[in-house]
Amino acid sequence: MTLPAAPLKETEPTESNAPVSRRRRSATLWAGCSLTALIVLLALLSLVWLPFDTDDTSGGRLAGPGDGHLLGTDKLGRDLFTQLMTGARIAVQAGLGSVAVAALVGVTLGVLAAFAQGWLDDTLAAFLDILIAFPTLLLAMLVVAARSATLSSAILAIGLAQSAVVARLVRILVKRVLARDYVTAARTSGTSWPRTVAGHVLPNIWPTLVVNLALQFGLAVLAEAGLSYLGLGAPPPNASWGRMLQEAQATFTTAPAGALAPGILLVVLVVGVNLIADGLRDTLDPATRRRRT
Amino acid sequence: MSPRDTSFHTSGDTLLDVRGLTVRTDDGRVLVDDLSFTVASGERLGLIGESGSGKSLTTLALLGLLPDGMTATGSVELAGTQVVGAPEKRLTAVRGRDAAVVFQEPLTALDPLMRMGRQIAEPLARRTGLRGRELNSAVTEALVRVRLSEPDRIARAFPHEISGGQRQRVALAMALACDPGLLIADEPTTALDVSVQAEMLDLLDTLVREREMAVLFVSHDLAVVAKVTDRVLVLKDGRAVEEGPVLDVVTAPRAEYTRALVAGARKLESALDLRSPR
Ligand SMILES: Nc1ncnc2c1ncn2[C@@H]1O[C@H](COP(=O)(O)OP(=O)(O)OP(=O)(O)O)[C@@H](O)[C@H]1O
Ligand SMILES: [Mg+2]
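Just so you know, the protein sequences line up as chains A and B, in that order. Read in order, the letters of the first sequence correspond to residues 1071 to 1363 in the working numbering. Read in order, the letters of the second sequence correspond to residues -8 to 269 in the working numbering.
Isolated chain B (complex conformation) (with noise of 0.2 Å):
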């Protein structure tokens, strides 16, 4: 099946259908506004657009976790849940596992006071069970996963004591951890220097494939987005401007929004070139 193919994809179940999604502050601003896309399961989408746009938001509200004074309207429907307007107690059975996000700023995303195996071992523990020395080994074995090459040293360590690609791969274990339908990755690699970047999505790129994950990636860099996903859907100030497959998207820009955005594309083409075969 050549890359461009997504008819297996979007075949696949339906994952996560977002109708009408509109983010409203209580002061009237609308900072995502009537925004549809869906995800099938298996299926790679990247959400891009500038600083600003409405991407986290867009996350957050898929799950449920707008900040005080924001609410969302329209539909959110995650794995045959609806989100919107949903008690936190079913959130909760929701979040994580069917759905788990890697965050934009790895520091700020880790507890400051918890050791990383911790942090690990709680969603680990929720789902699998695991206690004592067996959860400890599953600790272990998840940091390993990542690719981390002192897991005992990390998995004692505070999140000040590691570095930040460091950082950002044990929140990808984390996110992980809860095994989830679909992994939610807000602009996963934008903390992080070039080298590490191209290593952190491939890894990423492969864990992915492993476990046949749905993913949303979002990212305000096409050649990122470009590298790890099917398809992606354009947004500026909270709205779609332009929706497809990543190729085609990058090819044949139809919006003018994306027009430019390919056009500032940094190093396009050597992204392409690095863009693994399946």
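Just chain A, with the same shape it has in the complex (with noise of 0.2 Å):
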């Protein structure tokens, strides 16, 4: 398995869209909410109950299903369901603290870049640009090596790494909206600047920003599988689906429930999340809710 090597995407406002159908949208938001709260049901009930411990190793090595272990055991004899539930809560911490760390530090980076002018202004955009082009995967490392392999590394190394990205779109769609005239007409009115972004700027960035954010969740919980597999991540017992991937790949052959089930209910997150911010993307556009001009 690669890393992804964030192929990070700026969403565009797209404003010349063919009207999507009330239905097919909510068909496709319906979809998405269902995927994902199938893992977040999983990583809630891990909070409260596990079938076994964590570090359990009493099942037998590669044990199939019975005896208790609904998917069976994996080569150290620890239950595979118990590891894919404390999996499912790792991946939506990550994913969710990614993205708060993103949302964070990218919308103040962004905003700030916007209001600058001239050579901090060219400043800030290079640095963003530096920022993005530097791998993932390399910053991470150095947020581990500077404090130390744990989830809440892979989440910062993550989140900063996103949160370039995220400052970068919130630049463009912010200095667009100051350049309208609602903005001028609330400024002539005696708004102050804080007032207008938090009034005006930020709730017409926020349909384009929040289907960014979406997607982002979705790269973030790839981005933390990858650093498991590379043993960047979460430390054991903590199962990370990233890890079960690593740890079963020697004996796919054999015992192929080991890298499948973590492999699937990743995949079932990231697409849940890339439907929520599509059908996000159609309801909340308001190219597609403003018909009439």
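Treat each hint with caution, since some may be false.
Quick list of the computed label-pair ranges, beta carbon to beta carbon [to be verified]: (1) A:F1197 to B:M61: 24 to 30 Å; (2) A:D1199 to B:S32: 50 to 56 Å; (3) A:D1199 to B:P58: 23 to 29 Å; (4) B:T197 to A:Q1187: 28 to 34 Å; (5) A:F1204 to B:E141: 53 to 59 Å.
Covered by chain A, according to a simulated footprint, are these stretches of chain B (three or more residues, beta-carbon under 8 Å) [said to hold, decoys possible]: (6) 34 to 46; (7) 50 to 60; (8) 78 to 85; (9) 92 to 101; (10) 111 to 118.
Just so you know, these hints were derived from the structure itself, not from any lab. We put the beta carbon where it would ideally sit given N, CA and C, even for glycine.
Each of the two chains sits in its own frame; use the hints to bring them together as a complex.
Structure follows, in structure tokens:
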């Protein structure tokens, strides 16, 4: 498995979209929510109940299903389903955490960059471009070296890498909104900059931003799996799906469940949030909401 | 007092004093060139000129809101505050209180994602300090005052859900909500059809007289300007070519350019007949 090398897309508002039927729109959103909810429920359940202890190795090595082990055990005799559940929790945490970091740092930087002028504007833009070109993996290794291989290190690294993408997007969006007449109109009536940003700028970039953040969530989950696969994620006994994949790799031909199960859940979660992003794009985009001009 | 006589107005306190206002782009183009004029409190001045003559930029410069890449020099004194080169904080205090703007294009001047009621409530709350239900009824009142017949529906509507004429009334209500000393109207009727245009002018005229508000009325249409102002300043390529009482300028234009403008003024005669008596 290769690390998803940050093909972090920027979403542009699709202004000339053919109108999507309301039903198809909500179908996409529903499908996405259902898939995502499945994983989120697993993650929540893992907080209060697990079939086995995470370090319970009493199951016999690479056993098939049975004896309380829903999906069998891994090569150390640990219950696979238990690991999948904690893996779900880690995936959701990684996604939420990274997106939170990316949103906080990215929006702040992006808004500042949009307001900056002259050399500061150029410097910030160049800084963001460099940060975007910087591989997530390398950044993660730096963060791990500076701290330690924990889930929060991974979240920090992924979140920081993504914040550059978010910041660049926010910078463009804010600049575009700032040039609009309604911002000038608000300013002429004596609205201060902070209030203008909070009241007019952020709400108007929100639809595009939230879709992008949903996409970033999916990418963050993949990135965390990649880091864990390389041993840079959450340490044992917290089973991340990425580490499960790595551990099951050697025994894939004899016991494929160990690799298939986390792989499938990973796909379910990522496809789920991408469908949500797609559905949100159609429902939130002011261009499709705004019919008459 | 005859409508021709503006001595009453010009003898009032000077609300806006513009001296040598010049707007330059960073690459050196001069878009507004050495413009000087005054507006006394309660006076109504028309700013007229063809498209691209710098009217909108002048209004923006008056409030220190020029687009990026442009700088103003000279002096703009609004209610005693120097606007040119003033720090943002002082400008924020002046805007709305001393001067508010109704923009040329009402659709783009309203936030597409904010209900009309909230857009009016914002300046209203800032000025009056009202909250909650009292604020809501003040908003409704503001909408009624600009003669909108369904104030409650319009307060809940988004800009794309109401007509162009209704939008422009909302924009006017927003500007009036600030209760400014000077109302700057940048071609507030250009985007409207002729019948709505007449209603809008009438409304603006009435409201402004009621409040004894000073007006800077921008237009390329001499007939429109003649209807709602006392004095007029003619702008060409960013430079003032003529200034004087509106009827003098209309009946005896001095500058070549104004003469052409007067000749071309659409239905000027009928517009002058419409001019409401004082
Ligand atoms: N943001 C800008 N950057 C560069 N030039 C500009 C900008 N805005 C306006 N201009 C130029 O400044 C000049 C005056 O523009 P302005 O908008 O003030 O015209 P106007 O008199 O209001 O015209 P109209 O009647 O069409 O509204 C025009 O030549 C225009 O091309
Ligand atoms: Mg204009």
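These are the hints, each one checked on the structure:
1. A:F1197 to B:M61: 24 to 30 Å: Holds, at about 27 Å.
2. A:D1199 to B:S32: 50 to 56 Å: Check passed, 53 Å falls within 50 to 56 Å.
3. A:D1199 to B:P58: 23 to 29 Å: 26 Å, holds
4. B:T197 to A:Q1187: 28 to 34 Å: With a Cβ separation near 43 Å, T197 of chain B and Q1187 of chain A fall outside 28 to 34 Å, so the hint is violated.
5. A:F1204 to B:E141: 53 to 59 Å: 56 Å, holds
6. 34 to 46: violated (count 0)
7. 50 to 60: Three-residue rule met by the region 50 to 60 of chain B, so holds; n is 5.
8. 78 to 85: Three-residue rule met by the region 78 to 85 of chain B, so holds; n is 4.
9. 92 to 101: Held - the region 92 to 101 of chain B has 7 residues with a Cβ nearer than 8 Å to chain A, which meets the minimum of three.
10. 111 to 118: holds (count 3)
Hints 4, 6, counting from the list given before, are not met by this structure.
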